[in-house]
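Asks: Could you put together the complete structure from these sequences and hints?
As a plain string of letters, each chain reads:
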Amino acid sequence: MSNILVNAPKTASRGAVIEIKALILHPMETGFRPGANGRIIPRNIIERFTATWNGTEIFAMDMSSAIAANPFVSFFAVANESGTVVLRWTGDEGFAVEERVAIAVE
Amino acid sequence: MTMRLLAVGLALVFAASYAVAQVGTQSGADKRRSGYQDMGEALQKMQDDDTANPGMLFVQLGGQLWNKAAGAADKSCADCHGGAAASMKGVATRYPAMSRGGDRPIDLEGRVNLCRTEHQKAEPLPPENRDLLALAAYVSHQSRDLPIAPPYDPRLDAFRAQGAEIYRRRQGQLNLSCAICHDDNAGKKLAGIAIPEAHPTGYPIYRLEWQALGSLKRRLRNCLVGIRAEAWPLDAPEYVALELYLMERAKGMKLETPAVRP
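Top line first, the protein sequences correspond to chains F and G. If you read the first sequence in the numbering used here, its first letter stands for residue 456, the second for the next number, and so on. If you read the second sequence in the numbering used here, its first letter stands for residue 411, the second for the next number, and so on.
Watch out, some of these pointers could steer you wrong.
[What the hints assert, rightly or not] Keeping only pairs whose Cα atoms sit at most 25 Å apart, straight-line, the calculated DSS-like set for lysine-lysine is: (1) K499(G) - K598(G); (2) K661(G) - K478(G); (3) K664(G) - K441(G); (4) K455(G) - K465(F); (5) K455(G) - K476(F); (6) K661(G) - K499(G).
Everything labelled a hint here was simulated from the structure, so no lab data went into it.
Replies: Take a look at the structure:
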């Protein structure tokens, strides 16, 4: 079960610059903290976030241990054609989640 | 023409005096401030935007749990209560409250756990458990923007009085009471941070320092550690007594759940 909140416009005029914001529930465990038993809690972070627009990559970022839990990402894109934006988070322990947003360009 | 001008002028005077009266009653009647009003603009915007407020992730999770069957009875919250938007509206403004047949008040998290053990026949969730907080946040969120309305119940009086007594009692190595900071010195700075008036308007809150959702109980434990007092055990009735008093103190203020705080 993954929890994601995305804020993107449903429609945009051609050539306009739009902002896409995405928030995801994730502990971003650093791998540096000892747990209650004194052992290090294994690292569990999102390593990479990518966004594609109709298959073309428009934004990507690598995340590290220093990024806070429940990371919030905001980026801009130029609306050239109607289509689907696929947001993808991948990370430790086989974490891979996708969210799709349809944007109509007029 | 002059009559017309006069009429317009009079209307303006009335409008102006009405506006003054409005502002006058607002500042005169209620000077209490939610922590929201004292935090920075960026954080206020974060709380106000439901797609940027990380607390909303937990509300979303709580909504999923609301419809998920649990326990030996294989029942979900929705099986008894239906849609939360209607059945849970205003509920959070009335808690802590007496449970039916119980001998002491319980807070919202306690109520969720009581439902689990009594109706779902499931294990109670441990304190500060993510699912428990998510359910509490989901239920509280249904009362967003409603005024806090502690119930009139004579059985609660003794517990409220106990809460008020704890609030004014000096404790810990620093020998401070809640009231010394949050009544006498609210609005001033402590180590560069504004001291809030301690109105529990947005619990469970998403605190950036915690990077997680946390209950009012967790916040109270924070303060106890801050004054170097020994925190009570997690199931101690003192927390609920204090919560009762704080909700009475914040009566009429609007719920903001899920609030964001620094």
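Asks: Each hint needs a verdict: does it hold in this structure or not?
Replies: Do the hints match the structure? See the list:
Under the criterion of a C-alpha separation no larger than 25 Å, the hint pairing K499(G) with K598(G) is inconsistent with the structure, at around 35 Å. Restraint check for K661(G) and K478(G): the C-alpha separation of about 33 Å exceeds 25 Å, so the hint is violated. Note on K664(G) and K441(G): the hinted pairing holds, with a Cα-Cα distance of about 14 Å set against a maximum of 25 Å. Between the alpha carbons of K455(G) and K465(F) the distance comes to roughly 22 Å, so the proposed pair stays at or under 25 Å and holds.
Restraint check for K455(G) and K476(F): satisfied, since their Cα atoms lie roughly 14 Å apart, inside the 25 Å limit. Under the criterion of a C-alpha separation no larger than 25 Å, the hint pairing K661(G) with K499(G) is consistent with the structure, at around 17 Å.
The structure fails hints 1, 2 (numbered hints given earlier, in ascending order).
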